[in-house]
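Following the hints, complete the assembly by docking chain B with the ligands onto the known chain A.
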Amino acid sequence: MITIRGVSYEIQGQPILRDIDLDLPRGGVTALIGPNGAGKSTLLSLIARLKKLQSGRIGVDDLEVGKCSDRDLAKVLAIMPQSGHVSARLRVGELVEMGRYPWHQGRPGAHDREIVAETLTRFSLDALRDRFLDEISGGQRQRALAAMAYAQGTDYLLLDEPLNNLDIAAARHLMRLLRDMATGGGKTIVIVLHDINFAAAFADRIVVMHEGRIAADGAPETIITQDLLTGVFGTDAEILTLGARPVVMV
Amino acid sequence: MRVALPLLALAMLALLSLFVGAAALTPQSLFTDPEAARLLLVSRLPRTFAAILAGAALAITGQIMQILARNRFVEPVTAGSGQSAALGILLAAYLVPAAPVWIKMGIAAATTLVGSAGLLLMIRRLPPTQPLLVPLVALVYGGVIGAGVTFVAYQSDMLQFIQTWMTGELSGVLKGRYELLWVAGIASVATWFIADRITLLTLGEERARSLGLNVPLITAAGLAAISLVTAMTVVTLGAIPFVGLVVPNLVARIMGDNLRRSLPVSALCGAILVLGADIAGRVVRAPFEVPVATMIGVIGAALFIFLLYREPRRG
Ligand SMILES: Nc1ncnc2c1ncn2[C@@H]1O[C@H](COP(=O)(O)OP(=O)(O)OP(=O)(O)O)[C@@H](O)[C@H]1O
Ligand SMILES: [Mg+2]
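So the sequences go chain by chain: A and B. Per this note's numbering, numbering through the first sequence is continuous, rising by one, with the last residue being 250. Per this note's numbering, numbering through the second sequence is continuous, rising by one, with the last residue being 565.
Treat the hints as calculated values from the structure; they're not laboratory data. Possibly wrong hints are sitting among the right ones.
Quick list of the computed label-pair ranges, beta carbon to beta carbon [as the list claims (entries may be wrong)]:
hint	chain 1	residue 1	chain 2	residue 2	range
1	A	Asp130	B	Phe554	25 to 35 Å
2	A	Gly139	B	Ile353	55 to 65 Å
3	B	Leu386	A	Arg107	46 to 56 Å
4	A	Lys52	B	Arg252	34 to 44 Å
5	A	Gly106	B	Trp352	12 to 22 Å
6	A	Asp130	B	Leu265	44 to 54 Å
Taking lysine to aspartate or glutamate pairs in the EDC-like style, the calculated list, with each CA pair at most 20 Å apart, reads [said to hold, decoys possible]:
hint	chain 1	residue 1	chain 2	residue 2
7	A	Lys52	B	Glu456
8	A	Lys75	A	Glu118
9	A	Lys67	B	Glu455
10	A	Lys51	B	Glu456
11	A	Lys75	B	Asp407
12	A	Lys75	B	Glu455
13	A	Lys51	A	Asp70
Which residues of chain B face chain A? A partial, calculated answer using Cβ under 10 Å [claimed, not checked]:
hint	residue
14	Gln278
15	Thr449
16	Ser460
All C-beta atoms in this analysis are idealised placements derived from N, C-alpha and C, irrespective of residue type, glycine included.
Extracted from the complex, chain A is given alone in its bound form:
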């Protein structure tokens, strides 16, 4: 369980997050949505201790973020940050193997190699294994970074806009994989999405952020309403209901 209590964050006096309280119980896919600049990435970075907490506290299972060691947290929680930029000239296979670092500490064993091989296959990266990251396409790179986070094999996986640059097949494939990890593997997935339809289709729960606050939180059917689109996103797209699922007409 991820517990967030009274977390506020500001940059140069500008409030970015305002007093966030949120519980993310074990298991399930939670989609974090909200307009650009709402504070989604900031919240994810705070959970993953990439930014320093200014006030409030965050716990992941029995670990207290900011107090526990980076290594202990790395075995429990993985994050795929929003920026897909990696300047290093590494091969796809090497990158995915680095995802295992918290476990092997630089000496990958047979078990790590097995997981890397399985991950590469799962993300359809076998053919790209020996290619350099700066010599593949943007979507392929994004897939490799997602694979790296996946290979870390943690109970909690935070993904910040992982669908960027992915074609529809890759996007659906990744979302199905995450869905399976949550349902079958009991993993906890928190994923920032901009495509509300993807959120509605794959998430158990949607958390809406707006101007540094949690604006709404609940099951997709109850969250995706005309009010959300006009009130939070300031747009007037129409919502249809197909089966039981709300679909935003873009």
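Frame of chain A, contents of chain B with the ligands only:
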């Protein structure tokens, strides 16, 4: 396999290095002339070892520096570390002239550490969107410290004295006067044991931390290795520029940034470059010698221009 070819090339150069120089020395004379054996043991062999050790050390520290600086176009010798080493040894010679060499060495290592850390702190504030600012700032930074060295030397009447550190040379290498380089060589080879961790830094500080890497510790370890090794090479041979710049770049083009794989190759190629340049310096104007730093300046500049034009610019 990856190291077999450079290893072979280095072995051949090393053999050649033993028998090239102002004083004639041939394999046959070793058996007939006791003077020849002495020349080999006291001068040629140490000189060859010195070139190999320095080349390997410079290439490895250059590669680590580029990762710490997150920029491919910096290397310690010209980016302030080399000049800081010269400053340290100058201060040591001025303040504690009678101190044993390891104390002077310690002072040089300390100033080098401060100089290298200063550069890293400075370039950290530069916008990552302007990768070419980093080498520019490093060049200016190194130049300023270098000017400081010249000024202090001028004031204290030691200008001639510092010339030996500003231009790296191998002709003065004799048995008993280069052994510090073994420490430098071993220290740089030891970085291989943290090669994986340093490689993680290439992913950026955030990604490295999220994988549980102790980023400050590894950065400090890398910095310490760079400073120690640069100080020892500069103090023993003088500044040899470009090796740490050109070799890691060429190796990364082919092998990538996974240091566990590429460090041994970098080390061998650095050794080949320095030893090859030194041999060339012994023959181009024989019986006079061209300093190895000058030779590498010429070869390195050509290689660097080639690199700039060949490599698509990355941040
Ligand atoms: N380095 C920074 N300096 C100043 N303000 C910043 C900085 N980083 C982020 N912000 C501000 O913090 C707010 C939240 O940013 P954040 O990246 O968390 O938004 P987000 O919800 O992830 O947006 P997006 O959907 O565009 O990724 C924004 O208003 C942004 O302008
Ligand atoms: Mg964001």
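Quiz item: Which hints, by number, does the structure contradict?
Solution: 3, 5, 6, 11 and 14
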